[in-house]
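Trainee: As a plain string of letters, each chain reads:
2 protein chains.
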Amino acid sequence: MKLASLKEGGRDGTLVVVDRSLTRGVKAAGIAPTLQAALDEWHAMAPRLNALSEALNAGEAEGAFDLDMATLAAPLPRAYEFVDGSAYLPHVERVRKARGAEVPESFYTDPLMYQATSAGFLGPRDPVVVSSEAFGIDLEAEVLVVTDDVPMGVTPAQAAGHIQLVGLVNDVSLRGLIPAELAKGFGFLQSKPRSALSPVFVTPDELGEAWRNEKLHLPMRTWINGAWFGEAECGVDMQFDFAQLVAHVAKTRPLTAGTLVGSGTIANQDTSKGASCLAEQRTVETLRDGKASTPFLSFGDTVRIDVTDNDGASIFGSIEQAIVKA
Amino acid sequence: MKLASLKEGGRDGTLVVVDRSLTRGVKAAGIAPTLQAALDEWHAMAPRLNALSEALNAGEAEGAFDLDMATLAAPLPRAYEFVDGSAYLPHVERVRKARGAEVPESFYTDPLMYQATSAGFLGPRDPVVVSSEAFGIDLEAEVLVVTDDVPMGVTPAQAAGHIQLVGLVNDVSLRGLIPAELAKGFGFLQSKPRSALSPVFVTPDELGEAWRNEKLHLPMRTWINGAWFGEAECGVDMQFDFAQLVAHVAKTRPLTAGTLVGSGTIANQDTSKGASCLAEQRTVETLRDGKASTPFLSFGDTVRIDVTDNDGASIFGSIEQAIVKA
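Protein chains in written order, with our numbering: chain A, 1 to 326; chain B, 1 to 326.
No lab work stands behind these hints: they were computed from the structure. Certain hints may be false.
Copies of the same chain are indistinguishable here, so a pair counts whether it falls within one copy or spans any two.
Stated by the list, open to error - Below, computed lysine-lysine pairings styled on DSS-like, alpha-carbon distance capped at 27 Å: (1) K184 <-> K251; (2) K273 <-> K7; (3) K251 <-> K325; (4) K27 <-> K291; (5) K7 <-> K251; (6) K97 <-> K27.
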């Protein structure tokens, strides 16, 4: 099934079930008011939401309406935790190579992850509001999963059973602020503002064969100002699968229902696939030409992020955002 | 007024108003079910909660009951954001000195802060459950503030007006995991598990003269296994006040109502005041004796954290926790 949240009913929106084609929706009001409420009682709620989803896809759901993507908030307009990985090592390898550094051997066995902000997620068509272009505005197209309650110390095999939803995120990054912030030693804060989520999150079964080994096996399609920017394969070069990422985070604490775990920006060894963030593209240019030629985003620029099935149909709906001056 | 949450009514507990002496409570059920709900509509809710607080302190609140600290959850059992500072530079200076490093000049003008986990906070009397003593279990006694909605780009003067509540936090740290984690470059994750919050959060006016210049001017009293461990002055050597810390976080994003902003472990230049974390104490020993003699916490150890007024009465209630093997 596919789940979304309307921009109505309060800070957490109103939960809606969306049909497979992303054209029709129906409020889940009789089941759970919000997606967080559904995740809080997932094992009781999921079967009821599934039944509503089946009725909707059969054209038999009472109260169904035509879906307008602009009316959607992020599926979780605010969440209790977002931990983001950097699971595509070609990105890490390239960035390090560009500055003449080695990738530590441990990076191939121990996931690189960070605590991200979850207090507010932008809706899929909301603008990215930034106060200065000098911050070096960048997109990062990623896959994420949402868990139910995960006990502390789970194995990756156990963690796999706690992955309930899959979605996309534009992990907005302010590249100009990153070097000084990371040099302080405590990770990202100002350099990682609010991210945007895809219109819908879907259950793994909705992905069929495209969800295998706790990875999404489809290309991440990105456009900047309408021009093709990349279609890196999400299932290729992902060093750690989502179950491993979830288990990594849960090593020293339980995870609360509704925790989002991100993959990191999608990047392949094969650079002909393009990139999923400008930092990646600029690094490829630096390694090839000695300098980066593609600029970071400017006010008025637009980004589009989408994952389509083998028939070309959007699965999660597209993230489409304009960069806007605060 | 003083606010707490009972461990009943769901994941977010049940909001109660607590009297000045921390002996009586009354449910705020007719006003807001949870503290998060109150913070979401703070300007409408605060006057009503204040009226209930006045009635309670006058012995006139209907439904008031004797308060049992063991029945309290964290005031916010889960929250959308926790950003923690490291505002006491004597701590930073000492740690750096012990490893022969300098404190960068920028640390005196640019706050060092990090994104912490907010998905679950331990109640004030809940055990700290850890799977291995080898992780190097440590307390960190800190002050924190809670904001309402803060617009992006506020000045410190504007940020001050968004500080609605003050409380304490035991920012549990796993010292053995920190060096390798920070060496990866993306900050804390496994090394900072769930923290515990004080029994109550209080409005700044409740602190009287002890709340000046957006700082708490009282000693942070800590005990380990019942023995005095420290009473560092919260109002001394705090390089950045809470308004500056809030403004730092809000530079590139708005803050959601219910955001917690921590001070970092309380540390003074004057080492006779003791310490607020074992890492601090061990650093003082290393600088003085050439090696640390105080061990990190073991299973069965207890910690106690409290701030009392000039009459010796606890303001926030005490955090009292045992260290327990998972």
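Trainee: Which numbered hints are broken by the structure, listed smallest first?
Mentor: 2, 4 and 6
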